[in-house]
Amino acid sequence: IVFGLFRFAFSLDITMNTLLKSTVKLGARSAGLLKGTPRMGAARLLNVHEYVSMDIMRDFGIPVPKSGMADSVEGANALYKSVIGEGEDCVIKSMVLTGGRGLGHFSNGFQGGVHLCNKKGDVERFASKMLGQQLITKQTGAEGLPCSKIMLAERMYMRREMYISIMLDRGAGGPIFIASPAGGTSIEDVAEATPELIFKQPIDINVGVTDAQSTFLATSLGFEEGSKGHTECKDVVEKLYGLFRKHDCTLLEVNPLAETPDNRVVVCDAKINFDDNAEFRQKDVFEFRDRSQED
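Numbering (the numbering used here), first residue to last: -13 to 281.
Among the hints, a few may not be true.
[Said to hold, decoys possible] Here are the simulated lysine-lysine pairs, DSS-like style, with alpha carbons at most 25 Å apart: (1) Lys52 <-> Lys124; (2) Lys257 <-> Lys269; (3) Lys67 <-> Lys115; (4) Lys52 <-> Lys106; (5) Lys106 <-> Lys67; (6) Lys269 <-> Lys232; (7) Lys186 <-> Lys257; (8) Lys52 <-> Lys186; (9) Lys105 <-> Lys67; (10) Lys269 <-> Lys214; (11) Lys214 <-> Lys225; (12) Lys52 <-> Lys257; (13) Lys52 <-> Lys214; (14) Lys52 <-> Lys67; (15) Lys232 <-> Lys257; (16) Lys124 <-> Lys257; (17) Lys225 <-> Lys186; (18) Lys52 <-> Lys105; (19) Lys52 <-> Lys232; (20) Lys225 <-> Lys257; (21) Lys105 <-> Lys115; (22) Lys105 <-> Lys124; (23) Lys186 <-> Lys232.
What the hints contain is simulated information worked out from the structure, not anything from laboratory work.
Take these sequences, add in the hints, and give me the full structure.
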């Protein structure tokens, strides 16, 4: 489900606080975090599965967990051995384009579309209960959506979870970064409870992300200037924007962006939407459109 993120205009006389909350709520709507949001029929945005987002980020040199996609139980077992490593913990995720997968349930009664695999046989057991079933969440309605693919990702140990996104914003006249050191949860909830933890940075498309802007965002996310994490975070910010521009994205949302115990900065979960009008320029991306997930 994709919402009309970009059909809202902000009046010039609203306060900065109201603008900030409005922008964050719109980003939450586009990511499927708000209940009861009306559809805007004119907006047609391509939404791709998480495994596609991870692969695109790898192509841009953005650090992501080891991961891969499988569409069968046999494929899941082979993927686990070849990519994750036999005996290693991993997370198995149902590839269904809806929010709330972890709290959903399948048509066969199996609970949860996201599970930690930390015992022998978990990958095969969970994959067999997910594949070929309908996943029902609060966003899908009673009929649910088909689960024909799963993703395996290495288990990440996180010291901190942060949030960062890029979206198009009419008020800013172009792309805008939204960042928060409080990630791993609904950004709308963070904005409501602790608005001081939400930071934004508009980007001039004719200039791109400047060093001062990437420094501001890395510092806002809680990294100490001059530290290894701060340097890595700046690099991630600049590469995320490069991806956003090159692939005609309308939304790029990372939640969480993680700092690991060894001070690495890793994109652990990401959602990317693309402008349908740019399909002629983005044929490789649009090949991953999953029409079984569309109304």
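Here's how the hints hold up against the structure:
| no. | hint | verdict |
| --- | --- | --- |
| 1 | Lys52 <-> Lys124 | 29 Å, violated |
| 2 | Lys257 <-> Lys269 | 19 Å, holds |
| 3 | Lys67 <-> Lys115 | 20 Å, holds |
| 4 | Lys52 <-> Lys106 | 19 Å, holds |
| 5 | Lys106 <-> Lys67 | 12 Å, holds |
| 6 | Lys269 <-> Lys232 | 13 Å, holds |
| 7 | Lys186 <-> Lys257 | 19 Å, holds |
| 8 | Lys52 <-> Lys186 | 30 Å, violated |
| 9 | Lys105 <-> Lys67 | 14 Å, holds |
| 10 | Lys269 <-> Lys214 | 37 Å, violated |
| 11 | Lys214 <-> Lys225 | 17 Å, holds |
| 12 | Lys52 <-> Lys257 | 17 Å, holds |
| 13 | Lys52 <-> Lys214 | 22 Å, holds |
| 14 | Lys52 <-> Lys67 | 12 Å, holds |
| 15 | Lys232 <-> Lys257 | 16 Å, holds |
| 16 | Lys124 <-> Lys257 | 18 Å, holds |
| 17 | Lys225 <-> Lys186 | 17 Å, holds |
| 18 | Lys52 <-> Lys105 | 19 Å, holds |
| 19 | Lys52 <-> Lys232 | 24 Å, holds |
| 20 | Lys225 <-> Lys257 | 15 Å, holds |
| 21 | Lys105 <-> Lys115 | 16 Å, holds |
| 22 | Lys105 <-> Lys124 | 29 Å, violated |
| 23 | Lys186 <-> Lys232 | 21 Å, holds |
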